[in-house]
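Visitor: The sequence shown begins at 1 in UniProt numbering and counts up one residue at a time.
Among the clues, some could well be false.
[What the hints assert, rightly or not] Have a look at the derived ranges for each label pair, beta carbon to beta carbon: (1) PRO59 to GLU134: 17 to 25 Å; (2) GLU152 to ARG32: 32 to 40 Å; (3) ASP58 to ARG32: 29 to 37 Å; (4) ALA46 to GLY129: 26 to 34 Å; (5) ARG36 to HIS145: 16 to 24 Å; (6) PRO28 to GLU152: 36 to 44 Å; (7) ASP138 to ARG19: 31 to 39 Å; (8) VAL60 to ARG92: 14 to 22 Å; (9) ALA49 to VAL132: 14 to 22 Å; (10) ALA50 to HIS145: 29 to 37 Å; (11) VAL68 to ALA140: 34 to 42 Å; (12) ARG36 to GLY106: 29 to 37 Å.
Since the hints were derived computationally from the structure, they do not count as laboratory data. On a predicted model such as this, the values are computed, not experimentally measured, just so you know. We put the beta carbon where it would ideally sit given N, CA and C, even for glycine.
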Amino acid sequence: MDNHSHVRPATPPDVDAVRAVTDAAYRPYIARIGVRPAPMDADHAADIAAGRVFVTGDPVVVGVLVLVAEPGHLVLESIAVDPDAHRQGVGRRLLAFAELHARALGLPEIRLYTNALMRENQEIYPRYGYEVTERRQDGAYDRIHYRKRIPEAAPDER
Numbered sequence: 001m002d003n004h005s006h007v008r009p010a011t012p013p014d015v016d017a018v019r020a021v022t023d024a025a026y027r028p029y030i031a032r033i034g035v036r037p038a039p040m041d042a043d044h045a046a047d048i049a050a051g052r053v054f055v056t057g058d059p060v061v062v063g064v065l066v067l068v069a070e071p072g073h074l075v076l077e078s079i080a081v082d083p084d085a086h087r088q089g090v091g092r093r094l095l096a097f098a099e100l101h102a103r104a105l106g107l108p109e110i111r112l113y114t115n116a117l118m119r120e121n122q123e124i125y126p127r128y129g130y131e132v133t134e135r136r137q138d139g140a141y142d143r144i145h146y147r148k149r150i151p152e153a154a155p156d157e158r
């Protein structure tokens, strides 16, 4: 098992690492989209306290996932991978964890959105089974919304 494979709930001591990974992952998009990406301004301490944040990397956090359970679906609010950990499977593991989490909560789908100018994400999400549901303007953000249906676990997986 490599040092990035375990995904765990974030704890209060992780807040600085969560902020650092989120900022490093989203900072390159500021110039492109003309505003700070919303995850950079999230209240990370409050999200951690609410049990919404999951991290991977030991001893150094390299991946962050923010998940919010809503009635009927799980919202993947943010996913961030430290640029130094790109191409190591961190994002793939975080997406797989989101599916396991949705299934564990009995939620049949995951929803997420990305800025329309974050072209890289529009290539990634469909590869993992996400489909576009709409594009809409949310304040200063032009967002493409996605969803992925999560099948129930097979009897032998329960």
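Visitor: Against each hint, give a clear statement of whether it holds in the structure.
Guide: Going through the hints against the structure:
1. Checking the proposed 17 to 25 Å range against PRO59 and GLU134 shows it is violated: the Cβ atoms sit about 41 Å from each other.
2. At about 39 Å, the beta-carbon gap between GLU152 and ARG32 stays in the expected band of 32 to 40 Å.
3. Restraint check, ASP58 to ARG32: a C-beta distance of roughly 32 Å satisfies the suggested window 29 to 37 Å.
4. At roughly 30 Å, the beta-carbon separation of ALA46 and GLY129 lies within the given 26 to 34 Å, and the hint holds.
5. Remark: the range hint 16 to 24 Å for ARG36 to HIS145 is upheld by a beta-carbon distance near 20 Å.
6. Taking 36 to 44 Å as the suggested C-beta distance range, the pair PRO28 and GLU152 conforms, at roughly 38 Å.
7. A beta carbon spacing of about 23 Å between ASP138 and ARG19 contradicts the range 31 to 39 Å that was offered as a hint.
8. The beta-carbon spacing between VAL60 and ARG92, approximately 19 Å, falls within the hinted interval of 14 to 22 Å.
9. For the pair ALA49 and VAL132, the supplied restraint of 14 to 22 Å is violated, since their beta-carbon distance comes to about 33 Å.
10. The supplied range of 29 to 37 Å is broken by ALA50 and HIS145, whose beta-carbon atoms lie about 23 Å from each other.
11. Between VAL68 and ALA140 the CB atoms are about 21 Å apart, so this pair departs from the stated range of 34 to 42 Å.
12. Between ARG36 and GLY106 the CB atoms are about 35 Å apart, so this pair conforms to the stated range of 29 to 37 Å.
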